[in-house]
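If you read the sequences in order, they're chains P and C. FYI, in the working numbering the residues of the first sequence are 1 to 114. FYI, in the working numbering the residues of the second sequence are 1 to 113.
Rather than coming from a laboratory, the hints here were simulated on the basis of the structure. Fair warning: there could be bad hints in the mix.
Stated by the list, open to error - Chain P stretches covered by chain C per the calculated footprint, using a threshold of three residues with CB under 8 Å from any CB of chain C:
hint, region
1, 36-42
2, 45-53
Unchecked claim - Calculated from the model, a selection of chain P residues having no Cβ within reach of chain C, i.e. all distances over 10 Å:
hint, residue
3, ALA2
4, VAL12
5, LYS14
6, THR20
7, ASN62
8, SER67
9, SER69
10, THR112
11, VAL113
Stated by the list, open to error - Derived Cβ-Cβ restraints for the label pairs, each shown as a range:
hint, chain 1, residue 1, chain 2, residue 2, range
12, C, ALA1, P, SER84, 22 to 30 Å
13, C, ASP8, P, THR5, 29 to 37 Å
14, P, ARG110, C, SER3, 23 to 31 Å
15, C, GLN2, P, MET27, 25 to 33 Å
16, P, GLN22, C, LYS100, 17 to 25 Å
17, P, GLU59, C, PRO113, 34 to 42 Å
18, C, GLU15, P, ILE54, 46 to 54 Å
19, C, ILE112, P, GLN22, 36 to 44 Å
20, C, ALA17, P, SER18, 43 to 51 Å
Note that CB positions come from ideal geometry on N, CA and C, so glycine has one too.
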Amino acid sequence: NAGVTQTPKFQVLKTGQSMTLQCAQDMNHEYMSWYRQDPGMGLRLIHYSVGAGITDQGEVPNGYNVSRSTTEDFPLRLLSAAPSQTSVYFCASSYLGQQNTEAFFGQGTRLTVV
Amino acid sequence: AQSVTQPDIHITVSEGASLELRCNYSYGATPYLFWYVQSPGQGLQLLLKYFSGDTLVQGIKGFEAEFKRSQSSFNLRKPSVHWSDAAEYFCAARSGGYQKVTFGTGTKLQVIP
Chain P
1 NAGVTQTPKF QVLKTGQSMT LQCAQDMNHE YMSWYRQDPG MGLRLIHYSV
51 GAGITDQGEV PNGYNVSRST TEDFPLRLLS AAPSQTSVYF CASSYLGQQN
101 TEAFFGQGTR LTVV
Chain C
1 AQSVTQPDIH ITVSEGASLE LRCNYSYGAT PYLFWYVQSP GQGLQLLLKY
51 FSGDTLVQGI KGFEAEFKRS QSSFNLRKPS VHWSDAAEYF CAARSGGYQK
101 VTFGTGTKLQ VIP
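Using the sequences provided together with the hints, build the complete structure.
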């Protein structure tokens with residue numbers, strides 16, 4: 001099993017450009033989420049999904065869009081990148097409805113907006 | 001509001017010394033609790049988790065954590081630190097009925113010879 005796979009690992013964008021961060025999992029997890037990690041702030045939830053066709057906002061959703069057309073994939077879109085979106089982004093997945101389960105994380109995407 | 005607090009931003013220990021990383025939570029009911037480790041440039045790896053039962057939880061790499069309800073704490077410990085333990089450690093929590101996880105701000109561990 002590959003687990004949670006994120007692409008790309010590194011990306012540099014110019015202000016105003018758009019891009020999509022990809023996230024795929026092969027564990028048939030219903031729940032998927034995106035976090036951003038900034039120094040001294042831990043991980044903050046951007047968006048999450050409890051299944052195909054269902055998404056919701058997390059703690060810091062502004063500037064990001066998501067969709068969930070399949071169970072496996074949960075892409076994160078930046079429509080118009082801003083320097084404040086420079087961060088490390090992590091995708092995570094877990095089972096839904098099972099109490100004793102934890103989140104599995106991808107390796108992260110380091111994004112720099114100049 | 002639900003929160004997880006890691007009061008120590010940086011900790012430096014000598015190799016072979018014992019380690020304790022602090023974590024406090026604020027939730028309406030006892031949450032599920034986790035410790036993750038992040039090595040430089042890597043993703044998060046689960047060290048251990050607590051759901052119920054025995055309050056002393058054993059994890060990977062020789063780590064353990066103790067849940068103390070009276071103190072709302074879930075501190076991570078290791079009896080003898082190795083240089084390879086240098087990393088950032090995150091405490092996390094979630095409510096039983098939900099999948100959303102709240103993370104602490106992390107503690108960066110430095111290990112000196």
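Query raised in the report: Would ASN62 (chain P) pass as off the interface with chain C, using Cβ distances and a cut of 10 Å?
Result: At about 18 Å from chain C, ASN62 (chain P) clears the 10 Å cut-off, so the statement holds.
Query raised in the report: Can we trust that VAL113 (chain P) is non-interface, i.e. its beta-carbon lies farther than 10 Å from all of chain C?
Result: 19 Å, holds
Query raised in the report: Does SER69 (chain P) really sit off the interface, with its C-beta more than 10 Å from all C-beta atoms of chain C?
Result: 20 Å, holds
Query raised in the report: Counting residues of the region 36-42 of chain P that have a beta-carbon nearer than 8 Å to any beta-carbon of chain C, does the count reach 3?
Result: holds (count 3)
Requested in this report: State, for the Cβ atoms of GLU59 (chain P) and PRO113 (chain C), whether the hinted interval 34 to 42 Å holds or is violated.
Outcome: 40 Å, holds
Query raised in the report: Would you say the C-beta atoms of ILE112 (chain C) and GLN22 (chain P) sit inside 36 to 44 Å of each other?
Result: At roughly 39 Å between Cβ atoms, GLN22 (chain P) and ILE112 (chain C) fall inside 36 to 44 Å, so the hint holds.
Query raised in the report: Counting residues of the region 45-53 of chain P that have a beta-carbon nearer than 8 Å to any beta-carbon of chain C, does the count reach 3?
Result: Result for this restraint: holds, n = 3.
Query raised in the report: Within 22 to 30 Å or not, the Cβ separation of ALA1 (chain C) and SER84 (chain P)?
Result: 23 Å, holds
Report task. Could you say whether the range 17 to 25 Å given as a hint is met by the Cβ separation of GLN22 (chain P) and LYS100 (chain C)? Result -> Taking Cβ atoms as reference, GLN22 (chain P) and LYS100 (chain C) lie about 22 Å apart, which means the hint holds.
Query raised in the report: Taking the minimum C-beta separation from VAL12 (chain P) to chain C, is that value above 10 Å?
Result: At about 16 Å from chain C, VAL12 (chain P) clears the 10 Å cut-off, so the statement holds.
Query raised in the report: Taking the minimum C-beta separation from SER67 (chain P) to chain C, is that value above 10 Å?
Result: About 19 Å separates SER67 (chain P) from the closest Cβ of chain C, which puts it past 10 Å; holds.
Query raised in the report: Honestly, do ARG110 (chain P) and SER3 (chain C) meet the 23 to 31 Å range at C-beta?
Result: 27 Å, holds
Violation of the numbered hints given earlier is absent; every hint is satisfied by the structure.
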